[in-house]
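Asker: Single-letter residue listing:
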Amino acid sequence: MRELTKAIQETAQKLLQDKEVELVVGFAKGSLPLRNTPCFIRQPEEAQKLVWGYGCENNLATYLRQRPEKLAVVAKGCDSRSIIELIKENQINREKLVIIGIPCQGMIDRKKVTRLLAGRELLKAEVKDGQVVLMGKGFSETVPCEQLLHDTCLTCQHPNPVLFDIMLGEPVPVKEADSFADLANFEAKAPAEKRAYLIQELSRCIRCYACRQACPMCFCEECFADCSMPQWLSKSSLNVQDNVFFQAVRVLHLAGRCVDCGACDRACPMGIDLRTLTHKMVRDVQELFGYTAGVSLEERAPLAAPVSSSTLNHF
Amino acid sequence: MLLNKDQLINWLNKLMQAYQVFVPVKEGDYFCFKQINSGDQVILYYTNSKVPPKEVLFPRSEKLFYYRCENDGVQLTEQIDESKKIIVGLRPCDAKSLLLLDSVFSSDKYQDPYYLTRRNNTVLVGLGCNQPAATCFCTSLGGGPFATEGLDLLLVDIGDRYVVEVLTERGRELLSGMELPAADQEAQEAARVVKEGASLSSQVNLEGLKSKLDVNFYDPIWDMIHEKCLGCAACTYTCPTCHCFDIVDEAAGNEGCRIRNWDACMFPLFTLHGSGHNPRPTGKERFRQRVMHKFKYFVDNFNAIACVGCGRCIINCPVNLDIREVLAEIQGSEVRSDKQ
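Each protein sequence line maps, in turn, to chains P and G. The numbering of the first sequence is my numbering, which starts it at 1 and goes up by one. The numbering of the second sequence is my numbering, which starts it at 1001 and goes up by one.
Pulled out of the complex, with its shape left as it was, chain P reads as follows:
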C-alpha cells in the first residue's frame, strides 16, 4: 500500500509538473477510520495528499463526466470499467483523460465492521499482511481482511484495471468466475416473496438519492424521479411501492451499463440491500445477451445495439 501511495503521488506530481494534465482525481486520507476520500489535485506539490488503501471505495468515474480540462484519474478495476462505458456513451473524452490504473485488493466494507463490532465504536484501524486490526476504547480485534471486504469485491472479476494509460503496482490474481451464489436465496423465492423482501428493504428508503448520485452511470439530464410534468413518481414517501418503483426503474436503466461496482449500495445511508437487485440484473444481462459491462471499448452495450431475432428468442 505504501509503495502504491508513493507511486501514485510521484505519477500525479509528474503529470502536473509536465503539464500533461491540469487535474488529478484520486483519494486522500479520510477523516474516519478505514476511510479515504475523493480528492482533486491541481498543484504538483499537493500530490503528496494522495493515498491508496482499503478505504478507496468510491467509484471516481462519477467525477469525470463532461469535464472541460485534461485530467488524470486514479482508477481501480471497477472505476476503469465505468470509464469504458462512459466513453462509449460519449460522456468522457478519451483524448483528455489519463487513466492511472491501480490493481485493487478489494475495499473494506465499514458496514461489516460495524456489524462485527456490535455497538463498540471503531476509533482506529491498521491493515497489515492481510489482517485488519480494529481498535476502540478498551478493545483491539484482529480480523482477516477477506472477512471485511465488500461483497462486490469478493465476486469482482476485474480487480486489475481493464483500460489504463499508466499501470502502477503488480497485477493482483483474478478470482474464479462469479457464481452469483449470493443470489440463490433471492432467486429461489416466489414472486410475492421477492416483492415482500424488496418492500421490506425499501421501506427504509429516505429518498436521499445517494444511490443515484454515487453511480457513475446515473447521469440523465433530468431523472424520471425529478420529473414533475408529467410526474412519474410520487414525491412523497408515504407509499413504499413508490420507493420500489424508483429502485426498479433505476436498476433497469442500468441494465447492460452497470459494472457492479457497488457504489450505490455503499452510498445508501440506510444500509438498504441494493446489490441484490443490481447483481441480479448483471446476471440477467450476462445470460440474456452474453454481455459484461465495462470490459470492452468496442463491443456495443446490448440495449444500445440492434436486437437480433436470436437474442429475442431468449425471452
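Just so you know, these hints were derived from the structure itself, not from any lab.
Some chain P residues well away from chain G (every beta-carbon gap over 12 Å; in silico):
1) GLN13
2) GLU20
3) ILE87
4) ASP129
5) GLN131
Partial selection, computed: residues in chain G whose CB lies under 10 Å from chain P:
6) ASP1029
7) TYR1046
8) VAL1051
9) ARG1060
10) GLU1062
11) GLN1131
12) ALA1134
13) LEU1230
14) ALA1233
15) TYR1237
16) THR1238
17) ALA1264
18) MET1266
19) PRO1268
20) CYS1317
21) GLU1325
Ideal Cβ placement from N, Cα and C applies to all residues, glycine included.
With chain P's structure known, arrange chain G on it following the hints.
Answerer: The following block gives chain G in isolation, referenced to the frame of chain P:
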C-alpha cells in the same frame, strides 16, 4: 429520582395508555425512532439514531389536507395531528435541534399549525450520552452530552439504574404514580462520575466564522470545497436541524391531498424556477448554501447556529465530506471582499 432499568419497560407500557410512544429501535444495522406498541421494543444502548427524531414532529411526508372537487366548489378536510406523543431516549443534541426548529416553524411571520400542534403535544425524555461518538462535537455548539435544554426529563445511565432529572412540570407528571425513590448520594455520585467521564474528542472552531461567512460569498474557496460532493441528501435528510420542504398535490381524478415532503438544498430541483432558470446551477452554489444556511443565515435570522454537532452528516456522507474539515478550511481561508 431513580428508575431501575427493569422498571423501564413497565413505565413505557404505562405511558402508552395516554401517549403515542416513540423510542429508538433497531432497524437493519441502525437505530431509528419508531412508535412502539410494547415497551420491550426499546433499545437505549445506541449511540445515535440514523435519522433524527425530528421526523416525529416534522415527518418526511406529511398530509396537510385532503381536497375533493365537487360541482359547487372544492371541499377541504384539514389534517392536523393532535395526538399526544412522547419521545423517550432522544439525545441532548436532538432535543436542542427541536428548539432550533421551533424558531423556523413559530415566528412573528408564521405559525405552522402542523408542526406546532405536534410539538405542543409532545413530551421529551432525554438520554444522556455516557460515551459520545468520535464524530460528536456538540460542546462546540453550546450543547453537551448531558445538556438538558429543551428536555422535560433527562435519564442518566448509571449501570442498572437511571438517575432521572426532572426538568419541567410536564416531565414530573410522567412519573406520577411511579413512586420512584429520590436519588441517594451513591446514585448522585455515580451520575457525576458518568457525566465527567463523557468527554468529546472532536471539536470545531467557530470563533470568527460568522464574520468570515458574512463576506466570503465570492471567495474562491467555494470553487473547490464542494468538489467531491455528490449532490445527494444523505447529509440534509439525516440532519436534525435541516427543515427545508416542498409541497405537492397528489391527485387522482377529482380528489387528492396536499403533502409536505422533506426537500434538500443539495438537489438542483430545489431551486429550479418555472422559467427554467436555476439560481443555484451547480454543486458549488448548492454546497455554499448549505454551509451558509447553517452558519450564517440562520444566525442572522434567529441568532443561533443551525447545527448541534451530532455528527450524522459526517457518518452518512458517501464521500466522507466532513463538515469539521469544511469549517476548518473556511477558517483558514483568506477573507475576501463580498464583491464579485
